[in-house]
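There are 2 protein chains.
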Amino acid sequence: MNVAVFGTGVVGRTIAAQLSGLGHRVTMGTRNPEKTLAKKEPDRSGNPSMQEWLSQYNGIQLKDYAKSVTDAEVVFNCTLGSASVEALRLAGPSINGKILVDVANPLDFANGMTPTLSPGNTDSLGELLQRTFPEVRVVKTLNTMTAAIMVNPSLIDGDHNVFISGNDASAKGTVKELLRSFGWKEQTILDLGDITTARGTEQLLPIWLRLWGKLQTPYFNFNIVRKATS
Amino acid sequence: MNVAVFGTGVVGRTIAAQLSGLGHRVTMGTRNPEKTLAKKEPDRSGNPSMQEWLSQYNGIQLKDYAKSVTDAEVVFNCTLGSASVEALRLAGPSINGKILVDVANPLDFANGMTPTLSPGNTDSLGELLQRTFPEVRVVKTLNTMTAAIMVNPSLIDGDHNVFISGNDASAKGTVKELLRSFGWKEQTILDLGDITTARGTEQLLPIWLRLWGKLQTPYFNFNIVRKATS
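Chains as they are written, first to last, in this note's numbering: chain A, 2 to 231; chain B, 2 to 231.
To be clear, the hints were calculated from the coordinates, so they are not data collected in a lab. Keep in mind that this is a model prediction, so the values were computed, not measured.
For chains that are exact copies, the list does not tell them apart, and a pair is met inside one copy or across any two.
Once the Cα atoms are required to be at most 16 Å apart in a straight line, the calculated EDC-like pairs of lysine to aspartate or glutamate come out as: (1) Lys-228 to Asp-158; (2) Lys-186 to Asp-158; (3) Lys-215 to Asp-195; (4) Lys-215 to Asp-192; (5) Lys-177 to Glu-187; (6) Lys-40 to Glu-53; (7) Lys-99 to Glu-136; (8) Lys-99 to Glu-74.
Isolated chain A (complex conformation):
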């Protein structure tokens, strides 16, 4: 499958590497590829420069947003939540009709140490993207865990969940297949319903961020456990 991955941070790189390893043709999208490739130093978190990172993944290309989506069937949005609308705008009309897997969270860092969610709780980034780009088939998923777990659920002992929200059943079917190819077991994929249910998963971030602080590790996930069968 031809897949575009928007965003060159840890989430975008992790998803792109996994997809490439699974044999998909991956093109990463960014605002200004020349500028991104010109940076030679690791970023502030110590991640290698994009040029250095790409040198380990021969098959992965880096293009501007519009060029990256031209041949893509599926587009992963791994940009910052605050940059997502602009990234899709820059992608132009060729993104219409395509599946957008929205992995981003609308974190707002303006309110002190722990970020809040910019849409409040009467909206979500998933819905905002679907409203703003009605021809795009938005599927929200994977936004409730750290990147390494997204593509390798066996990092966590036992069962745990990935949530999925979207209006288009066929788009969700394609995304569920991709999730299964990442190692997600059928019974751990919880389809919550239409894109408004993205409010539920994006609002897991406030406790996710606090659990990260409490547990001193991002390697955890939510498991929904049910009533004992009697």
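Position chain B relative to chain A; hints supplied.
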């Protein structure tokens, strides 16, 4: 221990019955006990009238908010989130210095089918109560599950979590003891930190409500699972 329980709905009744069964002296608090006792019919959800319910629990008394807290060491807030500030105001100054176990959620039913949270995501009911009543020792807990599970965690197979938030370590210690007496295992009680972390647990409600719809049962809970030990 003398315990007051504010609220005569299912949550208040469930907590009060459990505390009474454990040998505590329980007084339930409501705005107007005479009016509450005068209702002879089941409520719209089919729950028995308060008078009928109380007849099954000889030890439990019903008083107004102020009288219910006079001798209490611990007060459970099981009122509607929208009524909680007023309930505490009516309790008067004798609630000062006491532990308030805040089980309520600030659900706002004005925005359509699925309620939203009235404090948005830059505040929480737990924080609002602590700010408004600075002499009360607010501990937020149990607000992320259905009432039956609060007092009987073994309803769910395997481990699952209860969260706790509050500024007063000694108050949290007393509440943890009560949680253990309800059957919560030590390692399942996750102390997230100060009362601002109540934002995290209250914001579990948007996904909790959607999971309730998806799973067609309120008998489920969140379990935080961690990285496989290697």
